[in-house]
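**Q** Residue numbers (my numbering), protein chains in the order written: chain A, 1 to 249; chain B, 1 to 249.
Any given hint could be a false lead.
[As the list claims (entries may be wrong)] Result set (DSS-like, lysine-lysine): computed pairs, CA atoms no more than 25 Å apart in a straight line:
#1 A:Lys212 with A:Lys8
#2 A:Lys212 with A:Lys232
#3 A:Lys241 with B:Lys239
#4 B:Lys230 with B:Lys212
#5 A:Lys137 with B:Lys80
#6 B:Lys137 with A:Lys94
#7 B:Lys239 with A:Lys239
#8 B:Lys80 with A:Lys109
#9 B:Lys137 with A:Lys239
Think of the hints as simulated: they come from the structure by calculation, not from any bench.
2 protein chains.
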Amino acid sequence: MFNPKEEKDKIIKFIKAYYDRYDLGGVVIGISGGKDSGVVAGLFAEALGPDRIIGVTLPCHSKATDKNDAQKVSDYYGFKMINYDLTNVFDAFKEQVNLLGNFTEEELKNSDINLKPRLRMASLYYTAALYTALTGKTYIVAGTGNKCEEYVGYFTKGGDSVSDIKVLADLTVDEVVAIGEVLNVPKEVLYKAPNDGLSNQTDEDKLGVKYKDITKYMNGEPLEEDVYQKIKKLHDNSKHKFNIPTYRK
Amino acid sequence: MFNPKEEKDKIIKFIKAYYDRYDLGGVVIGISGGKDSGVVAGLFAEALGPDRIIGVTLPCHSKATDKNDAQKVSDYYGFKMINYDLTNVFDAFKEQVNLLGNFTEEELKNSDINLKPRLRMASLYYTAALYTALTGKTYIVAGTGNKCEEYVGYFTKGGDSVSDIKVLADLTVDEVVAIGEVLNVPKEVLYKAPNDGLSNQTDEDKLGVKYKDITKYMNGEPLEEDVYQKIKKLHDNSKHKFNIPTYRK
């Protein structure tokens, strides 16, 4: 049986051991206002203390509510928060795109959606290198992806998939929530339906499957055939994100 | 013995097989004006034909000479070239950094250096998704890193390290040049000392070791003790770029 308190303690121990081993300074966490980054923040706050955490909000044509929820996380755990408004950065990039030709919104849709997490990743690493320079101790970037998302490839290659330490990658969405309850992650954050903060759709709407069903799939539990096939397809189609071919391998 | 003609043929075969297997459309290659991207372009031009290649120049506060050299590559192989000037994108990001505080150039140095390859990666993937939408067939991003660079971690995590297919990752710098000769990569490009186009230093100046010595190290050939130790340290220090810890693994 999954014991969230014990599991939380193990993760804390893992983080502490990793920081001790490499004599690291602190961590940079992108705080979206969603549950995953809330739980990651809670874990690092307990492992390292709030003074070694830099939370980063990264709005990019975003709704203000997400920033308020992010603030709740940093207020509760007491770590510093900085903000990059990526709206102008995104727009400056789009100006270059406009010079290439006249494309429809539909043609640019996938490109635009995935540009944002890539700009966010660049911002987090920018911050980590800056705090490393300021403090003389290495800051690293925490990943916030969970096991369900990784399994179906629900992340942007070169975006939210890039990190230096992954503390949720072995946990299903239910397990993340259970650990968040132990850590007292603010309720508005912990029980919010996950979404990318860009559209009005939840992540589950976009994926076309429920996280609960992904968990069942991974556990080998029975599922309706169409749900089973959908998850299998998502998983199979995501393999190219993990294995980059070289000609000898 | 390394036979560049045979090796080139094998890589071409590998590329063709990979494109056939997944029914892919084409490739996006960042063309820097340096040897690696020149050789990658030559390989894909032979494997797929020029019509399935999109070359991308990505100046960012860059010198014009690099763009001219990039043009020579696209002229020789006859593929389409598009340009994103990332200078304004970079500057829009720096405006956000300025809002965070007054930092010295030295404090921002590492952050700034690595921001550029990350913006470039984002641009290449933007382009791949766009051409996928325009053509209805998947475009992927070619990596241009060679075996020597990979071995010592001379790349930016989340930047030039992110790609969908790596055709030079098994080849030392000397082998890349030898294959470039078979492919008739323009001489000004093939024999240029590799540099990042950002500073006046060559890559070897910055690394503090010669690519030839990295090759010797990988082959187990004798080296002066200080050179040996330098390469060993670079290699050991780069391991964190490949292995991201999760708490169960």
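**Q** Can you confirm whether the C-alpha distance between Lys239 of chain B and Lys239 of chain A stays at or below 25 Å?
**A** Satisfied, since the Cα-Cα distance of roughly 23 Å is no more than 25 Å.
**Q** Does the structure keep Lys80 of chain B and Lys109 of chain A at a Cα separation of 25 Å or less?
**A** holds, 23 Å
**Q** Is the straight-line distance between the alpha-carbon of Lys212 of chain A and that of Lys8 of chain A 25 Å or less?
**A** With Cα atoms ~21 Å apart, Lys212 of chain A and Lys8 of chain A stay inside 25 Å; holds.
**Q** Holds or violated: are the alpha carbons of Lys137 of chain A and Lys80 of chain B at most 25 Å from each other?
**A** violated, 45 Å
**Q** Regarding the pair Lys137 of chain B and Lys239 of chain A, is the alpha-carbon distance no greater than 25 Å?
**A** Within the cut-off at roughly 18 Å; holds.
**Q** Can the restraint linking Lys212 of chain A and Lys232 of chain A be considered satisfied, given a maximum Cα separation of 25 Å?
**A** holds, 14 Å
**Q** Keeping to a limit of 25 Å between CA atoms, is the pair of Lys137 of chain B and Lys94 of chain A held or broken?
**A** Within the cut-off at roughly 23 Å; holds.
**Q** Run the distance test for Lys241 of chain A versus Lys239 of chain B: straight-line Cα separation, threshold 25 Å.
**A** holds, 20 Å
**Q** With the threshold set at 25 Å, check whether the alpha-carbon distance from Lys230 of chain B to Lys212 of chain B stays at or below it.
**A** holds, 14 Å
Of the numbered hints given earlier, the model fails hint 5 alone.
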